[in-house]
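Let the sequences and hints guide you as you build the complete structure.
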Amino acid sequence: MESKKIKKIFVEGAISPEFVGDSIAKHSTKKSIGAHSIFLGQVRNDRINEREVIAINYSAYTEMAEEKMHEIREATFNKYELTCMHIYHSIGTVNVGEISLFVFTSSKHRKAAIEGCNELVERIKKEVPIWGKEIFEDESFQWKTNANKSIEL
Amino acid sequence: MEIKIIAFGQIADIIGNSIMSINEIKDTEELRKKLSNAFPQLNEISYGIAINKKNINKNTEINMGDIVALLPPFSGG
Chain A
-10 MESKKIKKIF VEGAISPEFV GDSIAKHSTK KSIGAHSIFL GQVRNDRINE REVIAINYSA
50 YTEMAEEKMH EIREATFNKY ELTCMHIYHS IGTVNVGEIS LFVFTSSKHR KAAIEGCNEL
110 VERIKKEVPI WGKEIFEDES FQWKTNANKS IEL
Chain B
83 MEIKIIAFGQ IADIIGNSIM SINEIKDTEE LRKKLSNAFP QLNEISYGIA INKKNINKNT
143 EINMGDIVAL LPPFSGG
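Top line first, the protein sequences correspond to chains A and B.
So the first sequence is numbered by our numbering: it starts at -10 and just counts up by one.
So the second sequence is numbered by our numbering: it starts at 83 and just counts up by one.
Please keep in mind that the hints were generated in silico from the structure rather than gathered at the bench.
Quantities reported herein were computed from a predicted structural model and do not represent experimental measurements.
Check each hint, because a few of them may be wrong.
Keeping only pairs whose Cα atoms sit at most 25 Å apart, straight-line, the calculated DSS-like set for lysine-lysine is [stated by the list, open to error]: (1) Lys68/A with Lys(-6)/A; (2) Lys135/B with Lys(-4)/A; (3) Lys135/B with Lys115/A; (4) Lys135/B with Lys(-6)/A.
Partial selection, computed: residues in chain B whose CB lies under 8 Å from chain A [said to hold, decoys possible]: (5) Phe90; (6) Ala132; (7) Gly147; (8) Ala151; (9) Phe156; (10) Gly158.
No residue lacks a Cβ here, since even glycine has one placed at the ideal position from N, Cα and C.
Right, here's the structure in full:
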């Protein structure tokens, strides 16, 4: 089990593929793990009213987000038999094609890792106070909405 | 009595300042009314309220020193 202290989840800007790779590599010493499950959220070039999204600017109520994330983390550890859990979300600007959310669970057998990872992603999107502002090529913007988008995951 | 209001997302865009103080508010219903009078655009948005980082689901008393957050629908991920 991880320590009980509140963990930092926010990363300034995009989450790099190297960071994801390093995180995987760090688990080679944890020999009871038999399965990893990883979710990576990537910024998509949605086209809205003829304008194309080129980036998302994320902001958050950091203190509340970290508390909420802690609560979700504890609940998920209690529900699934996970060996480890790592969660990172971008803050600030992330360009199209870059990674803004990284959820990583590990377990002895695959089912716990897969289901735990999926539940974390759903709960993060629904319950953690983070907002995305979609920036268009002409520098105009609109606030992103997550409603009814779970099917597209 | 002074309480601290913090706004996020599109609500921060409307209110113009992400931190403000309001006097003479007894509960969250009254706060919503005062805000919608001052900022009619807020009527077009459904938003949640958190007091001291806890979500509020019903009309709740606001006390001096509380930190009240106005939270438009979340869109992380």
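For each hint, the structure was consulted:
no. : hint                    : result
1   : Lys68/A with Lys(-6)/A  : holds (19 Å)
2   : Lys135/B with Lys(-4)/A : holds (17 Å)
3   : Lys135/B with Lys115/A  : holds (16 Å)
4   : Lys135/B with Lys(-6)/A : holds (17 Å)
5   : Phe90                   : holds (6 Å)
6   : Ala132                  : holds (6 Å)
7   : Gly147                  : violated (16 Å)
8   : Ala151                  : holds (6 Å)
9   : Phe156                  : holds (6 Å)
10  : Gly158                  : holds (3 Å)
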